[in-house]
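Protein chains: 2
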Amino acid sequence: MSARPAALPTEPAVTRVAVPLPGREYDILIGRGVAAGAGALIRERLQPARAALVTDANVAALHGDALLASLNEAGIAATLVVVPPGEASKSYRHFAQVCDGILEAKVERRDVVVALGGGVVGDLAGFAAASVRRGSAFVQIPTSLLAQVDSSVGGKTGINSPHGKNLVGAFHQPGLVLADTALIDTLPDREMRAGYAEIVKYGLIDRADFFAWCEANWRDIFAGGPARDEAVAVSCRAKAAIVVRDEREDGDRALLNLGHTFAHALERLTGYDGARLVHGEAVAIGLALAFRFSARLGLGPGQDASRVAGHLSSVGLPTRLSDVPGGVGDADAILDAMFQDKKVSRGALTFILARGIGQSFIAKGVDPADVRAFLSGELSAEA
Amino acid sequence: MSARPAALPTEPAVTRVAVPLPGREYDILIGRGVAAGAGALIRERLQPARAALVTDANVAALHGDALLASLNEAGIAATLVVVPPGEASKSYRHFAQVCDGILEAKVERRDVVVALGGGVVGDLAGFAAASVRRGSAFVQIPTSLLAQVDSSVGGKTGINSPHGKNLVGAFHQPGLVLADTALIDTLPDREMRAGYAEIVKYGLIDRADFFAWCEANWRDIFAGGPARDEAVAVSCRAKAAIVVRDEREDGDRALLNLGHTFAHALERLTGYDGARLVHGEAVAIGLALAFRFSARLGLGPGQDASRVAGHLSSVGLPTRLSDVPGGVGDADAILDAMFQDKKVSRGALTFILARGIGQSFIAKGVDPADVRAFLSGELSAEA
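Chains A and B supply the protein sequences, listed in that same order. First residue of the first sequence? That's 220 in this note's numbering, and the numbers climb one at a time after it. First residue of the second sequence? That's 220 in this note's numbering, and the numbers climb one at a time after it.
Only chain A is shown next, with the shape it has when bound in the complex (with noise of 0.2 Å):
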């Protein structure tokens, strides 16, 4: 007899991704239904005596009684720490109140700090998480499409301030992540096509497989067949080996930045409004920009960048800056925002640019009038 009993045939399949940092490895376990098991799988790992759950009031309503349920039921304390849904939580006030809540419910430094939620939960969870005594155990269980297969894994944290977005944070990984892709059933389409962006995003960075792959079976995706565990795991896989290499972004990570440069100016020009452009969606357009910038420097092949727009639109993403409703303003205004990105350096701007797909590369020093030119001629292609 073992001591082990045979999976039961309920029991979900779960993809293991493990990111190999030294000294700090977790894994990803992905797979329908892996977040009911969270109390038994986060003692199993970390041995907490309490955690703080912290979430926000949309998904506390939908699953914050099964996560606490699943915590106290593993003999690990949990109390509840909400925040309100929506970007706007990622601020000081909320970094104030996280961290307050977490000591609130007595949690050290070798108890745990639970995400619950998306994006936006992780980032500010993580950033307190990393923050009271100096730093206490992380677990992320994202909730939506874009925090799986991008936010949840890497260990930035960090929240918004007056002056850009993700200004203030920390690196700190989590000791595990539970990527449960029956969570995102209910997610609103665009919130699903909004996160898909960004696992296209991968296939276009070095995996042009991939991308062939997401052409074909993004349908399946969408609709919660095995293509989306399938989907999310390649994800995590590419995000994880990029992180290993360089966690600190001194480096190569700047390749998970392809489309970003032009997305956080698009979203800074339209006033971080989600009504009006969510990050996937300017994602999207940054990640069609992006190829066409890279075709107009004679980089790559002009078909490749049609290619990008073309799957884009045909799962429902915008990739133009006229999709974007109510303008953007003109190149200059485009301009002046990236020059405000943090990705900016002494002045220069750096892109990441491609030489077709699944071929991108950090281009440092890139001429801001080749910038205005491009952006010039994509706002009068559209007039």
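If you are wondering where the hints come from, they were derived from the structure by calculation, not from laboratory data. Watch out, some of these pointers could steer you wrong.
Since copy identity is lost for identical chains, a pair holds within one copy or between any two.
In silico EDC-like links for lysine to aspartate or glutamate, alpha-carbon gap of 16 Å or less [unchecked claim]:
id	residue 1	residue 2
1	LYS384	GLU323
2	LYS384	ASP542
3	LYS325	ASP555
4	LYS583	GLU306
5	LYS384	ASP319
6	LYS583	GLU468
7	LYS384	GLU306
8	LYS583	ASP469
Here the structure of chain A is known, so what remains is to put chain B in place on it, guided by the hints.
Relative to chain A, chain B alone:
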């Protein structure tokens, strides 16, 4: 002919203490007048284009212009960020103010945040430097004796929460510390004594010879003679040695908390009201209590406890609970305050106790009943 000119007779005598943290080595430069060369020293070591000079209104009035000039003359574009003086600035609100001030100064990750001030400014600016863009270079120019021998060394940064002191922060090592021992000539006697308590602590932890040297030389330390530079250098060397062994306080670093479990409780009970008790005074009482408690537990000789208290008293520092103006309540009140301190682990009390002067050790799982009995004895003996 040498390319490097010999030191001019007017150059300050500088003692260098290296902090050899792997990959993040930095120097503490100690001496009268060393801050006057801040701009050139920072430029030589960190090559920043910009600096945010964080200070408080009092220090700004005394030294702000000189430091700004030193930085600007070295080609570093420097911007002042001024907070109100006092512990109340170690708050979420001023953390936000300083982060935004650093961003306003357009300091990027390779630029530098310079903390010019006492422990409050250093802790606050250090946490902001750790957090802005998830980590900017950081230089400490401590202007109090306490900061020169303790808080500016070792990378602990942070702010206070309503739940307690220093509960929110980061480990963020400076790239350089400039301890200008002439800057503290104008320090009020009470603050000098408070800083001196931390100097004595290093002797009590593991340097009995240094404690004896302090007994013989304390007047020259206070007067600003050569013993002051020597005392600061020995203190920094002692702290650096412990920090290099255990940067994140998983073990030995806790020795630096000698006297501090008592001290933090007393500060909490006096509402962090510096008019009643400043940190160094609380530490002095804490050191005396730690030695008397050790003696009462039969761990160390009573004459060492008497010698410790005797020396602290001779420089004008408090050593008894009854020395706190307005009192601190009964034994249970003090014990309750200890349990709220962050050094508490899983409900067991951890103390730094001593087998004698220079023979301190980490005592885990100290029985709260023993602490209560000891405190009751102290209070009734004093009544």
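Evaluated hints:
Taking the shortest alpha-carbon separations for LYS384 and GLU323, only the inter-copy value of 14 Å comes in at or below 16 Å, while the best intra-copy value is 28 Å. For the homomeric pair LYS384 and ASP542, neither the shortest alpha-carbon distance inside one copy (22 Å) nor that between copies (50 Å) is at most 16 Å. With identical chains, the CA atoms of LYS325 and ASP555 are at most 16 Å apart between copies only, with a shortest distance of 14 Å across copies and 45 Å within one. In this assembly of identical chains, LYS583 and GLU306 lie within 16 Å of each other by CA distance neither inside one copy nor across copies; the values are 30 Å within and 43 Å between.
Proximity of LYS384 to ASP319 under the C-alpha cut-off of 16 Å is restricted to the inter-copy arrangement: shortest distance 12 Å between copies versus 23 Å within a copy. Taking the shortest Cα distances, LYS583 and GLU468 sit within 16 Å of each other inside one copy (14 Å), while across copies they are farther apart (40 Å). Only within a single protomer do LYS384 and GLU306 lie at most 16 Å apart by alpha-carbon distance; the minimum there is 10 Å, versus 29 Å between protomers. Taking identical chains as interchangeable, the C-alpha atoms of LYS583 and ASP469 lie at most 16 Å apart only when both belong to the same chain, with a minimum of 13 Å there against 41 Å between chains.
Violation of the numbered hints given earlier is confined to hints 2 and 4; the remaining hints are satisfied by the structure.
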